[in-house]
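S.K.: Sequence order for the protein chains is A and B.
Take 1 as the starting number for the first sequence in the numbering used here and just add one per residue.
Take 1 as the starting number for the second sequence in the numbering used here and just add one per residue.
Please note that a few of the clues may not be correct.
As the list claims (entries may be wrong) - The calculated lysine to any residue pairs, modelled on SDA-like cross-linking and capped at a C-alpha distance of 25 Å, are:
1. A:LYS138 - B:LYS95
2. A:LYS138 - B:GLU227
3. B:LYS230 - A:GLU36
4. B:LYS337 - B:PHE309
5. B:LYS230 - A:TYR134
6. B:LYS230 - A:GLN59
7. B:LYS95 - A:SER48
8. B:LYS39 - B:ARG68
9. B:LYS228 - A:LYS75
10. B:LYS228 - A:PRO100
11. B:LYS228 - A:GLN59
12. B:LYS187 - B:LEU166
13. B:LYS110 - B:PRO263
14. A:LYS107 - B:LYS338
15. A:LYS107 - B:ARG353
16. B:LYS228 - B:ASP33
17. B:LYS57 - B:LEU40
18. B:LYS95 - A:LYS107
19. A:LYS107 - A:GLN59
20. A:LYS138 - B:LYS228
21. B:LYS65 - A:ASP43
22. B:LYS95 - A:ARG37
23. B:LYS100 - A:LYS129
24. A:LYS75 - A:GLN59
25. B:LYS100 - A:ASP43
26. A:LYS129 - A:GLU104
27. B:LYS57 - B:LYS110
28. B:LYS65 - B:ALA36
29. B:LYS187 - B:ASN88
Quick caveat, the hints were computed from the structure, so don't treat them as lab data.
The primary structure of each chain is shown beneath.
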Amino acid sequence: MKTTPDNETTPAAPTAPSPKTDASAPAADVVPVEMERLNELTDGDAASMRELVDLFFTQTSQQLQQLEAAIRANKADDVRRVAHSCAGASATLGMVRFVPLLRELEKQGASGTLTTAARICEDAAREFKLIQNYLGTKLNSATSPGDAAR
Amino acid sequence: MKKILIIEDDQIVSNVYRNKLAVEGYQVEAALDGEAGLKLMRSFQPDAIVLDLMLPKMSGVDVIKEIRGEADFAKLPIIVFSNTYLTNLIQDAWKAGATKCVSKINCSPKDLLELMRRTIGSAVSPGRPKVDGVPGTKPAAVVSEADAEFQAELRKTLITSLPGTLAFLRGSLKSLVKSDTEVTRLKHIHELYRRIHAVNGNAGIAGLVQIAHMAAALEALLKELYEKPKNITSSTLRTIATAVDFLGFLFEHGTQSDEQKIPPASILVVDDEPISRRAIIYALEKAQLQSVSVDDPNDAFKLLSENQFDLVFLDVDMPGMTGYELCTRLRHLPLHKKTPVVFITGLSDFENRTSSMMAGGNDFIAKPFLFIELTVKALIHVLRGKLQPAK
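So that you can see chain B by itself, here it is in the shape it has in the complex:
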């Protein structure tokens, strides 16, 4: 019988995967942190490891390094659960020796099972007699139906817990905003991070992809702020507050099974400076959002006159026409009376915030922005627009 070790700090996620793999005939053990996982690996001698990168105590990347440092496990397949918004962490995992990186956002227990079969083969060696309940004994249609029922049950249970989760997030956010020292700010950011990490994992296995995406992006932003407190600014705090609010909206409107994908969106980026433009496009691509970018506000106005966009990012200080002027003009276009407009500006003083609102802008972000902060904002505006079209 093939053996799998799961190293995952979220007990619920761990149990769901463990049960699925065990039912299919694999022998499965689980550990809740890296140190316990390494200890168990030496005694259990698994054929593969499933590892969460975001672990308490020892990080997932350090666990991979330890495993690769031991001759007996140098070639052991390691399937890594990652957050797609943490690009640098994924790079580190590959470099340390991960065999495969999968996103928690959309890896169902069934997906993990299939991946495991491709990586180490079926649970039972060929030639051995099959027993009831072991893969191959049930028709595919029956297995598929059982998987769907199981996921529906997971989703139902998760949905009932969402109001409590939202109350916790709002409480932590309130405390964070009131914090007057870095120590207390970090404490509350960590609290939020822990809970959002759990929401990401649980929504992912329950097939609530939009909630999982939003939680994963917010988790990455919170991690960045926790590691680099200098980035805790009025802009990033405002983004966290908006994201928590929007999760509340998703908890109410984003739980239908037929809505579980990131909808295609058309985004326009207007900035005369090529490096800033590139950074915006990169941040959007993190969420698989495609965009059109232009450097000239007059060209942008022409595009806006002829095309529908779901979201517009505008630099403020551009030659020929400021971002505020462009926004004022686009609000007169029938296509863009309600299109969300986000200003990207280094001029984040109160006067300019007022100008952005007077011009008809919906939001703003201070330069130099964190890439993940812009990703979070884009996801919020795109998903909200799709789930609640402007009237």
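Bound conformation, chain A alone:
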């Protein structure tokens, strides 16, 4: 028995899925959530996805309020800490347009100068609303396990 082909002409070639060329930075026409990550993390189970999304909504709403308060009080380290945590969770769930805003807040918090933090926080709040609408529509239209991810 030979275990593997010696050359590239052997027909034993696994699927060659087409590589997708992604833009380096998320553009406005990029969907706000990479549903594939959410779907994978919940094994395509609609109930599990709802539970995870609810957790994200609750946690992020609180964090955005904390960020607003910290920016108003000019507490840079609080801004860094909350933005860091929020960015971690959002990146894990594939919130591709939301994360760069949080990273910028984290950066400003770490530098100690919250120059444009208030405006960025407003942008983040707007983006979060879009995420809520997007996921709300996806979850409401899901009729069977895995449908939400399509």
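Use these hints to put chain B onto chain A, whose structure you have.
M.R.: Just chain B, lined up with the frame of chain A:
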């Protein structure tokens, strides 16, 4: 006589299953890709299909959809060979109409035969005279002994080919790391993917479960990177390099027949953020690895003081105590002088890499990590620890 069609791109795997089923009295035909398989299905009219999901040209899922779209084959049993680490692909296969999904990692020819008997019955219809070599004519003990001998022979042949496989993998990896354009990077990732796919299938039928597991996890990571090149980062490239190195270690140390299972392991996850914690636990469960998770580094230190762990995942930025501080402290505990510690951090700049090493960490992974990347790392650390206990 019952008829089975095998659609499998790996000639060796296909031949092994084909021979086993034919010896047991089934009439078997084989195709190497989806299009050829569909064509053969229409003329051969099988009673069941064995289908690999990772096919060239047309994907396995598309083949299932085509089959289900034809009235004559709408209810034909389709046994799918899958990679357990490709969760989304398995979901797609079920949705498309697969009858049964089995993992290539631990499906021996004997397992496939038994599954086929349960699905479509024995090879020969009841009432027909039995002939020599057809199932039922040999005592079970003789068949079992023959199966064991056959698998031992497969394993022996596979083991002799492993040095060549490792040399190929290292060569491709070197070219991948040197690549300076996305096109060449993808070419080398595909090369690695093809060879690892073959290692997975061959190790699975030879009963080398640990090698098959590691190859299956790496195959899933490579597939993800090939499909989404934006995920090719210094972190993922480093993980691929470590995995190839570790396969070399497994090729030397993981081929004994009595070691062929994923050993139970005790893993601690420390992260103050619940969604990240959940993602880590999910990634570990992909490899059937159980873990304990805590959100407070002080609670983690207490657990570490009282319990042995095989692997620890640490977030860096936590309130009260950073991951680096916790790592430094745990290194003073007699139980954890050598326990592998992996930092999970968004702060992957050089300064923090240095900090992770200074604190006594063994490895790190950048947030947001690919779930399968973390799975690959966990498998490496757990298997290495079990096969080569710390001195």
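S.K.: Compare the structure with each hint and give your call.
M.R.: Against the structure, the hints come out as follows:
1. The suggested pairing of LYS138 (chain A) with LYS95 (chain B) holds, with an alpha-carbon distance near 18 Å, which does not exceed 25 Å.
2. A distance of roughly 24 Å separates the Cα atoms of LYS138 (chain A) and GLU227 (chain B); the hinted pair therefore holds under the 25 Å criterion.
3. Of the pairs offered as hints, the one joining LYS230 (chain B) and GLU36 (chain A) holds, with about 15 Å between alpha carbons and a cut-off of 25 Å not exceeded.
4. At roughly 11 Å between alpha-carbon atoms, LYS337 (chain B) and PHE309 (chain B) fall within 25 Å of each other, so this suggested pair holds.
5. Distance restraint check for LYS230 (chain B) and TYR134 (chain A): the Cα-Cα separation of roughly 23 Å lies within the 25 Å cut-off, and the hinted pair is therefore satisfied.
6. A C-alpha spacing of about 28 Å is found between LYS230 (chain B) and GLN59 (chain A), which places the hinted pair above 25 Å, so the restraint is violated.
7. For the suggested pair LYS95 (chain B) and SER48 (chain A), the alpha carbons sit about 18 Å apart, so the restraint of at most 25 Å is met.
8. As the CA atoms of LYS39 (chain B) and ARG68 (chain B) are separated by approximately 14 Å, the hinted pair is consistent with the 25 Å bound.
9. For the hint linking LYS228 (chain B) to LYS75 (chain A), the alpha-carbon distance of about 39 Å lies beyond 25 Å, and the restraint is violated.
10. For the given pair, LYS228 (chain B) sits about 19 Å from PRO100 (chain A) by alpha-carbon distance, which is consistent with the 25 Å threshold.
11. Distance check on the hinted pair: LYS228 (chain B) and GLN59 (chain A) sit about 29 Å apart at the alpha-carbon level, beyond 25 Å; violated.
12. Straight-line distance between C-alpha atoms of LYS187 (chain B) and LEU166 (chain B) comes to about 18 Å, which keeps the hinted pair within the 25 Å bound.
13. Restraint check for LYS110 (chain B) and PRO263 (chain B): the C-alpha separation of about 23 Å stays at or below 25 Å, so the hint holds.
14. This hinted pair does not check out: LYS107 (chain A) and LYS338 (chain B) have alpha carbons roughly 35 Å apart, beyond 25 Å.
15. A threshold of 25 Å between alpha carbons decides the hint, and for LYS107 (chain A) with ARG353 (chain B) the separation of about 19 Å falls inside it, so the pair holds.
16. Between LYS228 (chain B) and ASP33 (chain B) the alpha-carbon distance is near 24 Å, which keeps this suggested pair within the 25 Å criterion.
17. Straight-line distance between C-alpha atoms of LYS57 (chain B) and LEU40 (chain B) comes to about 16 Å, which keeps the hinted pair within the 25 Å bound.
18. Distance restraint check for LYS95 (chain B) and LYS107 (chain A): the Cα-Cα separation of roughly 44 Å exceeds the 25 Å cut-off, and the hinted pair is therefore not satisfied.
19. With a CA separation close to 21 Å, the supplied pair LYS107 (chain A) and GLN59 (chain A) stays within the 25 Å bound.
20. Distance hint between LYS138 (chain A) and LYS228 (chain B) is fulfilled; the C-alpha atoms sit about 23 Å from each other, no more than 25 Å.
21. For a cut-off of 25 Å, the pair hint linking LYS65 (chain B) to ASP43 (chain A) stands: about 21 Å separates their Cα positions.
22. Taking the CA atoms of LYS95 (chain B) and ARG37 (chain A), the gap is near 18 Å; set against the 25 Å cutoff, the hint holds.
23. The hinted pair formed by LYS100 (chain B) and LYS129 (chain A) fails the criterion: a straight-line CA distance of about 41 Å is larger than 25 Å.
24. Taken as a hint, the LYS75 (chain A) and GLN59 (chain A) pair is honoured in the structure, with Cα atoms around 20 Å apart against an allowance of 25 Å.
25. Only pairs whose Cα atoms come within 25 Å are accepted, and LYS100 (chain B) paired with ASP43 (chain A) is accepted, the gap being roughly 17 Å.
26. With a C-alpha separation of about 19 Å, the suggested pair LYS129 (chain A) and GLU104 (chain A) falls inside the 25 Å cut-off, and the hint holds.
27. Pair hint LYS57 (chain B) plus LYS110 (chain B) does not hold up; C-alpha atoms about 29 Å apart against a cutoff of 25 Å.
28. Of the supplied pair hints, the one linking LYS65 (chain B) and ALA36 (chain B) holds, its CA atoms being roughly 15 Å apart against a limit of 25 Å.
29. For the proposed pair LYS187 (chain B) and ASN88 (chain B), the alpha carbon gap of about 24 Å is at most 25 Å, so the pair holds.
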